[in-house]
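K.L.:
If you're matching them up, the sequences are chains A and B in order.
Offset between the first sequence (1-based) and our numbering: plus 1.
Offset between the second sequence (1-based) and our numbering: plus 719.
Please keep in mind that the hints were generated in silico from the structure rather than gathered at the bench.
Quick reminder that beta carbons are idealized off the backbone N, C-alpha and C, glycines included.
There's no promise every hint is true.
Beta-carbon label-pair distances, calculated as ranges [said to hold, decoys possible]:
(1) 270/A x 857/B: 49 to 59 Å
(2) 854/B x 261/A: 39 to 49 Å
(3) 722/B x 164/A: 39 to 49 Å
(4) 1037/B x 81/A: 14 to 24 Å
(5) 141/A x 854/B: 22 to 32 Å
(6) 177/A x 881/B: 49 to 59 Å
Okay, the calculated bits of chain A under chain B, using three or more residues with CB under 8 Å as the criterion [what the hints assert, rightly or not]:
(7) 82 to 93
(8) 111 to 125
Quick list of in silico lysine-lysine cross-link-like pairs, BS3-like style, CA-CA up to 27 Å [unchecked claim]:
(9) 1051/B x 183/A
(10) 154/A x 754/B
(11) 1066/B x 150/A
(12) 106/A x 1045/B
(13) 1066/B x 120/A
(14) 1077/B x 723/B
(15) 120/A x 1075/B
(16) 256/A x 82/A
(17) 137/A x 106/A
(18) 66/A x 120/A
(19) 723/B x 120/A
(20) 92/A x 120/A
(21) 106/A x 4/A
(22) 1064/B x 1075/B
(23) 150/A x 851/B
(24) 4/A x 120/A
(25) 97/A x 851/B
(26) 82/A x 154/A
Spelled out, the chains give:
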Amino acid sequence: MGKTVLEVNDVTMQFGGVVAVNNLSLHVEEGEIIALIGPNGAGKTTAFNVITGVYAPTNGQVKFKGELISANYPHGQMRRKYLGEQETLDKYSAKKSLTPDRITKLGVARTFQNIRLFKNLTVFENVLTAKHMRSKANFLSATFGLNYKEERKNRQETDELLTLLGLYDVRGEIASSLPYGKQRHLEIARALATRPELLLLDEPAAGMNPQETDELTAFIRRIKEDFHLTVFMIEHHMDLVMEISDRIYVLDFGKLIAEGTPEEIQNNQRVIDAYLGVQKDE
Amino acid sequence: MSRKQKNIGTGILILAAVVLIALFDNDVIGNAYVKRVLNLAAIYAIISVSMNLVNGFTGLFSLGQAGFMAIGAFSVAIFTVPEQYISSIFYIEPMAPWLAAIRLPFVAALLVGGLIAAALALLIGYPVLRLKSDYLAIATLGFSEIIRIVFTQLQTITNGALGINRIPGITTMWVPFGAAAVCIGIMVLLIRSSYGRAFKAIREDDIAAEAMGINLSFHKNLSFAVSSFFTAIGGGLYAALLTSVDPKQFYFTMTYNFLLIIVLGGMGSVTGTVIASFIITGGLEWLRFFDEPLSIMGVNIPIFRSGLRMVVFSILLMVLVLFYSKGLMGQKEFSWDGIYRQYEKIKGRLKRTSAKRKGGAA
């Protein structure tokens, strides 16, 4: 404990005139389960996309285990059009953006809000594909089967992973033919196959009924222990969030409005206002 | 079905193919015309499978096949045409002397063509493969046209629009069929390796593939370069089969032949592509009688004239695409298990119908 895994500093993400994420700073410590919540359109998924390298931020920096993975500052035209927090405008002067695959290689894996499996491939192939990144064979030796030892090991590990996650009996099925809940599990299994240290879950319980949500809660706890993970997730199911999280960040209109333990968040007036809406007396 | 039965089945198929080729090759059955059509189909199979590698397996809509084929064809033409004919072929402007000095054996010329095509593919792939779907199609189509026009202009290298003839021809069917077996075999191995799985992942969902640590630009370029390499090999064989090349042959309509084959065979199926390339090449020849004038009982049927063949062919294709929108095989491959399942299904249906009949009679 005590090592910072993920550090997001003053990240602003602006699309045209829309500031989707405004000056977001947060940190995730090793072994924690952190939740990012907020009403629809608050910028949660955008924040995830910045962390995983899908978008380069407009301002601010992201560090993974102390290593800079993306950084930017408003320059050129953006300097004039910048609508984010003005205080941090001149704080950064570095520019760096790793592509998503490089960030995954460092040990950050993610799942998607709208499930993105390799639909026409089998469950087994879905997970095995994620092992490709860590294999060392070049394409010639892979073509001519010179890496058969590595290949055999990957297949074995894939089977072990599927067994561990209760997907072994459906390993031969086409991914899109699985029931919804299993597809969610498979997406997590595929992310785990990249051997991450930090797992980002984007609404893992979306569309699940209370019973499935309970199962998922237990499942996340279990994989966190088994794979020594740090978990950072976006979630709307409050019972899941409140039960599982060590700390919670709350976003509203791109801005961080609260941070704290589940109890603190539950009693935070600003959070309640953001969720329920509040009549403003002008 | 047991593994042993499957191996026996595969063995019998391969043996049958070898015996058939041997029979054709030694003129026991068929004639020169049939042999030529079969050779062409084998060469088309190489090019179509390599096109399928990019379009069907990696999910990139590329239409540059004719251009890469031209590179292979001209490489074979330039490097294998015998020295004594060079001056008579290049009669408008002589061949560049440094080029005339290099004479290569057929296989070396094939490989040189393949490597040049792969290098060019990497060169244009880097900027162009960022594009998606129809934009990529237009960019690659344009590239293929550029190659054709450049080849038309390079008088001292390609003999311009006149082209090169008197290329030493293919004398035995083992060359195109052997080359097809080797090239397609290598591509199948690549598809079945972990790189092939990465290609399929990109086809299925490139955002998810990238999030799983697959470097998109590297894998797209790899697939594109390998495909171009084997397309050029196919182009080289094509030049040797026809014994003459000129840039007009590699007009962009050439690419549509292969597009047709992979759509018919199934995007993402190697066996489907191979079967389709024989059906299309053979079918186009077989339908030739539509181009001949036909008279029934002394009455001349007016619509039977040259060109009708393509009309009939297009209608057949439309029907096929309407009812088999995924092609013959979809993304599946030929497998003994699949055949066995079909067999069981038909057997079950026969049993049911006969049972019904009995029930009806009683």
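K.L.:
Each hint needs a verdict: does it hold in this structure or not?
P.N.:
Each hint, compared with the structure:
Between residue 270/A and residue 857/B the beta carbon distance is about 57 Å. The supplied range of 49 to 59 Å therefore holds. In this structure, residue 854/B and residue 261/A meet the distance hint of 39 to 49 Å, their C-beta atoms being roughly 48 Å apart. Between residue 722/B and residue 164/A the C-beta distance comes to about 24 Å, which lies outside the given range of 39 to 49 Å. At roughly 56 Å, the beta-carbon separation of residue 1037/B and residue 81/A lies outside the given 14 to 24 Å, and the hint is violated.
About 31 Å separates the C-beta atoms of residue 141/A and residue 854/B, a value consistent with the hinted range of 22 to 32 Å. One distance hint, 49 to 59 Å for the beta-carbon pair residue 177/A and residue 881/B, holds here, with the actual separation near 54 Å. Only residues whose beta carbon comes within less than 8 Å of a beta carbon in chain B count, and the segment 82 to 93 of chain A has 0; fewer than three means the coverage is violated. Counting residues of the segment 111 to 125 of chain A whose CB lies closer than 8 Å to any CB of chain B gives 8, so the stated coverage by that chain holds, three being the minimum.
Straight-line distance between C-alpha atoms of residue 1051/B and residue 183/A comes to about 24 Å, which keeps the hinted pair within the 27 Å bound. Of the pairs offered as hints, the one joining residue 154/A and residue 754/B is violated, with about 47 Å between alpha carbons and a cut-off of 27 Å exceeded. A threshold of 27 Å between alpha carbons decides the hint, and for residue 1066/B with residue 150/A the separation of about 42 Å lies outside it, so the pair is violated. Using a Cα cut-off of 27 Å, the hinted pair residue 106/A and residue 1045/B is violated, with the two alpha carbons roughly 36 Å apart.
Proposed proximity of residue 1066/B and residue 120/A is contradicted: the alpha carbons are some 32 Å apart, above 27 Å. Between residue 1077/B and residue 723/B, the direct Cα distance comes to roughly 38 Å. Violation of the 27 Å bound is thereby established for this hinted pair. Of the pairs offered as hints, the one joining residue 120/A and residue 1075/B is violated, with about 40 Å between alpha carbons and a cut-off of 27 Å exceeded. A threshold of 27 Å between alpha carbons decides the hint, and for residue 256/A with residue 82/A the separation of about 19 Å falls inside it, so the pair holds.
Between residue 137/A and residue 106/A, the direct Cα distance comes to roughly 13 Å. Compliance with the 27 Å bound is thereby established for this hinted pair. The hinted pair formed by residue 66/A and residue 120/A fails the criterion: a straight-line CA distance of about 33 Å is larger than 27 Å. Between the alpha carbons of residue 723/B and residue 120/A the distance comes to roughly 32 Å, so the proposed pair goes past 27 Å and is violated. At most 27 Å may separate the alpha-carbon atoms for a hinted pair to count; residue 92/A and residue 120/A exceed this at roughly 44 Å.
As the CA atoms of residue 106/A and residue 4/A are separated by approximately 20 Å, the hinted pair is consistent with the 27 Å bound. At most 27 Å may separate the alpha-carbon atoms for a hinted pair to count; residue 1064/B and residue 1075/B meet this at roughly 17 Å. Distance hint between residue 150/A and residue 851/B is unfulfilled; the C-alpha atoms sit about 36 Å from each other, more than 27 Å. Taking the CA atoms of residue 4/A and residue 120/A, the gap is about 37 Å. The hint is violated against a cut of 27 Å.
With a C-alpha separation of about 25 Å, the suggested pair residue 97/A and residue 851/B falls inside the 27 Å cut-off, and the hint holds. Straight-line distance between C-alpha atoms of residue 82/A and residue 154/A comes to about 52 Å, which puts the hinted pair past the 27 Å bound.
Checked against the numbered hints listed earlier, the structure breaks hints 3, 4, 7, 10, 11, 12, 13, 14, 15, 18, 19, 20, 23, 24, 26; every other hint is satisfied.
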